[in-house]
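Number of protein chains: 2
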Amino acid sequence: MFEVIDRDGLGRLGLLETRHGPVRTPALMPVVNPNKVLIPPAEMAQRFGAEVVITNAYILYTSKEQKDVDLHDHLGFPGPIMTDSGAFQQHVYGDVDVSNREIVEYQARIGSDLVTMLDVFSEPEHSQTRAAADVDETLRRAAEAVGVKAANAEPGFALVGAVQGGIHPEERTRCAQELSNLDVDIAAIGGVVPLMESYRFQDLVKVIVASKQGLRPRLPVHLFGAGHPMVFALAALLGCDLFDSASYAKYARAGRMMFVDGTRHAAELEFANCECPVCTQISPGELKGNERALAEHNLYVSFAEIRRVRQAIKAGELWELVERRCRAHPALLDGLKELRRHAQWLERFEPVSRHNALFYTGPETVYRPILYRFRQRLQERYSPPRRRTLVMFPEDGKPYMVHYRPAMEKVEAVCNAHFLVKSAFGPVPIELDEMYPNSQSLVPEQLDLEVLEASEVFARHFLAGAGYEFGVLWEGAATLTELEKRREDPNPLDWVLQRVRATSDMQFGRGAADALLAGQVELVRSKNTGRVRNVIVDGRHVLSMRAHDGLFSLRVEGGKVLHRAFPKPTLRVVVETETAEFNRLGKNVFAKFVREADPELRPRDEVLVVDQEDRLAAVGQAVLNPEEMVDFDRGVAVRVREGLPAS
Amino acid sequence: MFEVIDRDGLGRLGLLETRHGPVRTPALMPVVNPNKVLIPPAEMAQRFGAEVVITNAYILYTSKEQKDVDLHDHLGFPGPIMTDSGAFQQHVYGDVDVSNREIVEYQARIGSDLVTMLDVFSEPEHSQTRAAADVDETLRRAAEAVGVKAANAEPGFALVGAVQGGIHPEERTRCAQELSNLDVDIAAIGGVVPLMESYRFQDLVKVIVASKQGLRPRLPVHLFGAGHPMVFALAALLGCDLFDSASYAKYARAGRMMFVDGTRHAAELEFANCECPVCTQISPGELKGNERALAEHNLYVSFAEIRRVRQAIKAGELWELVERRCRAHPALLDGLKELRRHAQWLERFEPVSRHNALFYTGPETVYRPILYRFRQRLQERYSPPRRRTLVMFPEDGKPYMVHYRPAMEKVEAVCNAHFLVKSAFGPVPIELDEMYPNSQSLVPEQLDLEVLEASEVFARHFLAGAGYEFGVLWEGAATLTELEKRREDPNPLDWVLQRVRATSDMQFGRGAADALLAGQVELVRSKNTGRVRNVIVDGRHVLSMRAHDGLFSLRVEGGKVLHRAFPKPTLRVVVETETAEFNRLGKNVFAKFVREADPELRPRDEVLVVDQEDRLAAVGQAVLNPEEMVDFDRGVAVRVREGLPAS
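Going down the list, the protein sequences come from chains A and B.
26 is the number of the first residue of the first sequence in this note's numbering; add one for each residue after it.
26 is the number of the first residue of the second sequence in this note's numbering; add one for each residue after it.
No lab work stands behind these hints, which were simulated from the structure alone.
From a predicted model like this one, the values you see are computed outputs, not experimental measurements.
Treat the hints with caution; some may be incorrect.
Put simply, identical chains are the same to the list, so a pair is met inside one copy or across any two.
[Unchecked claim] Keeping only pairs whose Cα atoms sit at most 30 Å apart, straight-line, the calculated DSS-like set for lysine-lysine is: (1) Lys585 <-> Lys612; (2) Lys339 <-> Lys313; (3) Lys339 <-> Lys612; (4) Lys435 <-> Lys423; (5) Lys423 <-> Lys231; (6) Lys510 <-> Lys593; (7) Lys447 <-> Lys231; (8) Lys61 <-> Lys92; (9) Lys585 <-> Lys231; (10) Lys447 <-> Lys435; (11) Lys585 <-> Lys617; (12) Lys447 <-> Lys275.
This is chain A alone, in the form it adopts within the complex (with noise of 0.2 Å):
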């Protein structure tokens, strides 16, 4: 019921199915009190956008009268409508009076769409004991809940299982984990809402990177109770894909404005600091005491912020606007630094590369996945060419090859040196400075202190592997005096080949340049700019070099040079082998039908299309990585560039 149609980081484009209509994801869920309706929900989609809407059954089901509604004709609304179970109230309580069976089936009998268990509410203070004896019994109410979907006569909705264990990952892992063994349909991630209230942004995020290791990936996470658009695009990056407010009521009843970087009273404006319809028409003083006024600015910047986040997934800058959103507070900037722990774990759900540059933005930048995973690639991809001397340049313009060009000629006139750039994220081989994101990226002259030690850090781990005898920092004549002493026959690396070469070897795997190069190579290069376009061996068309990312797009004819050089699994997606046929016909992959895939690929990989005689059937690229392929039982999997027609 749920697919993902674009990413960025673990931030998902998707589109949730109800049986009120489809739901586009990342969603933001405005809650209706169901016995006060301050905004009624069809105005909330009509002036807002709102595609979802949530109540709370709990609510509904203690006030007698209105026990037994049908929740479509009670809110006026005819778009899925999501209700909670009164876990919240708990927190808020300490009990509530009604059991996970009762709330469910009430839920189910009012026609929700999305129907929540009743889970046992984790306090952040709350030992592992405790909180482990609570993942049991919510764990336990899941399995219940499973059986009062499977009971019942006309089912339809989609059950909300809950995530919980307070503040201890190892519960949140184990729960998310046991969860996925049963047959939810939605993850929600509850007991946050005190770590949002008292700022504890570090531990947020804590708290929604173990649930997400636990859970399967092909489940739609809803974040309970994040009705601030400070959080939205950091949850977001983090997976999280749909959110809830009850907050852009509770916050104007008390008077208060939600903002992207934090909360303001009203009282306190003179300004009215803000572009929404609300804001351009109502000034601060007006504002002061209008509760509707209010609620409606706060839903006016929260849902603008929901489609910000999207459209930043789309454009691939969602890690940008987090970096950004999360200088609104020092407690959202210590959420942004513990991502930096998890950047082995976020790394496998990242895309090669995007259509947009990757801007720096802090310190925080330099250990983003994308950075981290070149640096991993050069150690463990990335052979140099054979060279005794290497030469380092400081990152000055951009392309490196270009800038450094008359250095470079210099230095080769006296011996036979490699070289590389270093840059503000790492050593990059000169050769790989066109491969996403080393051109692809803008930072600021002045490096911050961090930066310029952590680059230091980086080179030296890379040279302590890379075996040159002798190795020199660029500082112009001083530096050609110096390699004269070291004057060799000049043997000049042919630089076009060098990048074609350790561009391979970097996006599929140490060895795939032999493979791929071995035989008779002609390289085509555009007329305007000199650069590689194709790569042609033996007569075969066997790559295309991407313009805007500097990397490869794999021909049908490189794919079989692939498949017979790397073993199974690697580069494979591995499909039911009837279905391999549409893919031969050059049509895209479904996740339905993936039922294996190389641990190793990552979103917008190009891949091997095989079947489960490891039969290459097609080349393509990417969409979901390779958990995700097999998890997921809808959406596309791997876009096919071209099928190999059956033999």
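With chain A's structure known, arrange chain B on it following the hints.
The following block gives chain B in isolation, referenced to the frame of chain A:
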């Protein structure tokens, strides 16, 4: 014609009087094309809140048929109208077909409220020699324009003089200084559009700083051609009051949308990532090509940002806003980092405290003027109590003294130590823990490396001059064991008194505490919090401590003491003797009547108001800094707290 109502950094909430009504600043003046009005000025005012518009007199002048118009009739706008002279057209076309005298006289004739001289536009690539010649000619023309204004039968218009000088700080400052000696009403910093177009924000900051350093403070400053909301906050922080935007229309024509974090093509948007009235009603797909709607979006966003800047000045949050905005692009970050180099100058305009807490947003925060000042004053004004031993605490809980009280008591049972906290921002003697911004600041738990190192350097710098025999980092029991070796007879400090002493010296200068506390001291403390409220010496109420910033309000009895203790000009604001009578009655000091002021005073400092014979007339709080007080002829310079009746 210009007065400052409130301020933050060099940013000022001002009021600019024109003959067609007042303009609140910072203000954005939308550019209206006199021959092709996209959005009528009246609508600009009503829907977007424009208080002033700008149009190009050169275009009007060169389009024959419209030569002799009444500008206000022609544009259908009863409010203030500024006119431009064609200087920008020089940049675009290389030359213009009008003289300075002609175009100034023409602007006066058509009834412009803000008449701009025709300056010579220096391009960024021009040499200093060439820029200097352009400055000379610009200054000659400025004098000529002043002549036209003086000769004008019906004056009433304000004359806008220009600051040129290319990217050469010396020329900018010289031009600004000489312009300030002429009778111009507004200073426009020109020639900056090429810098903004090529994202040279570090150069932009250098140019604005150099220009402002030469300008007299009373002049409202217009940043010519600054129409992108990305730069409003940064420019306002540096003291720019007026912006003009043709961009809203130009960008719209090109299908581009302006946001506070950059520019995007409507065509590249899938989601309406904005809360403005346009984006909440029209989808990006429909927006594409809708020039009018795009222009409206650009105006909504731009005016909201202007209001946000105003509100940030009001709330004392402008630095935070700027630091956040400058994360939108690495080149803006370079602009932000440039500010650090001007901390000493910026400090002169920085209020001594704010109502809101200081938020850490990144390594740049450490170099904010308010923190630079605290470290400087510690060197210059603070005398530690006589102790041979210093115990240094890490920064942990706040307020420090409350947090570390148990540890202090353990130490004091052993030896007579002094204490300081090694905060992220530098060393803080423990008795200054409540002085702004030590308690009123929030830092993340995980500090940037640069900050940790800077903190270390600041601490070492302080210790070098502080004269302790022995210093030790607090590490609990181990430290106590170490201190046992230095056991002394207990002679505990009265920390409440130390707070009063240290705060007095930091606020009023070294020696202030000795003077103020000479006598029988009674400290009146809050029954609830135990914090000092009032300081009574020999039965006279000399000081009151403010809860929100931990600084003293000076009472008239304290003023008498400081007046005796410190010679002229220290702490003085000298007013014309005949007006001092009003201040004696408790009325505020107007800038117009200020003759001199202690150069060490800062906005919101406590001051002694004296007459020209140095007789104390009142005590109060500075609104302006000394150079502003002396220069301005409108607005309040000192808010008088208590007058001293003539004896």
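Hint-by-hint comparison with the structure:
1. Taking the shortest alpha-carbon separations for Lys585 and Lys612, only the intra-copy value of 18 Å comes in at or below 30 Å, while the best inter-copy value is 90 Å.
2. In the homo-oligomer, the alpha carbons of Lys339 and Lys313 lie at most 30 Å apart only across protomers (18 Å), although the nearest pairing inside one protomer, at 37 Å, exceeds that limit.
3. With identical chains, the CA atoms of Lys339 and Lys612 are at most 30 Å apart within one copy only, with a shortest distance of 23 Å there and 60 Å across copies.
4. Only within a single protomer do Lys435 and Lys423 lie at most 30 Å apart by alpha-carbon distance; the minimum there is 19 Å, versus 59 Å between protomers.
5. For the identical chains of this complex, Lys423 and Lys231 are inter-copy neighbours only, at 25 Å across copies versus 37 Å inside a copy, given an alpha-carbon limit of 30 Å.
6. Taking identical chains as interchangeable, the C-alpha atoms of Lys510 and Lys593 are never at most 30 Å apart, the minima being 49 Å within one chain and 70 Å between chains.
7. Taking the shortest alpha-carbon separations for Lys447 and Lys231, only the inter-copy value of 29 Å comes in at or below 30 Å, while the best intra-copy value is 33 Å.
8. Taking the shortest alpha-carbon separations for Lys61 and Lys92, only the intra-copy value of 15 Å comes in at or below 30 Å, while the best inter-copy value is 63 Å.
9. Taking the closest pair of Cα atoms, Lys585 and Lys231 never come within 30 Å of each other, the shortest separation being 43 Å inside a single copy and 58 Å across copies.
10. Within a single copy, Lys447 and Lys435 get their C-alpha atoms as close as 19 Å, which meets the 30 Å cut-off; across copies the closest is 51 Å, which misses it.
11. In this homomeric assembly, Lys585 and Lys617 come within 30 Å of each other (Cα to Cα) only inside a single copy, at 25 Å, whereas the closest approach across copies is 85 Å.
12. Within a single copy, Lys447 and Lys275 get their C-alpha atoms no closer than 52 Å, and across copies no closer than 40 Å, so neither meets the 30 Å cut-off.
This entry does not satisfy hints 6, 9 and 12, going by the numbered hints stated previously.
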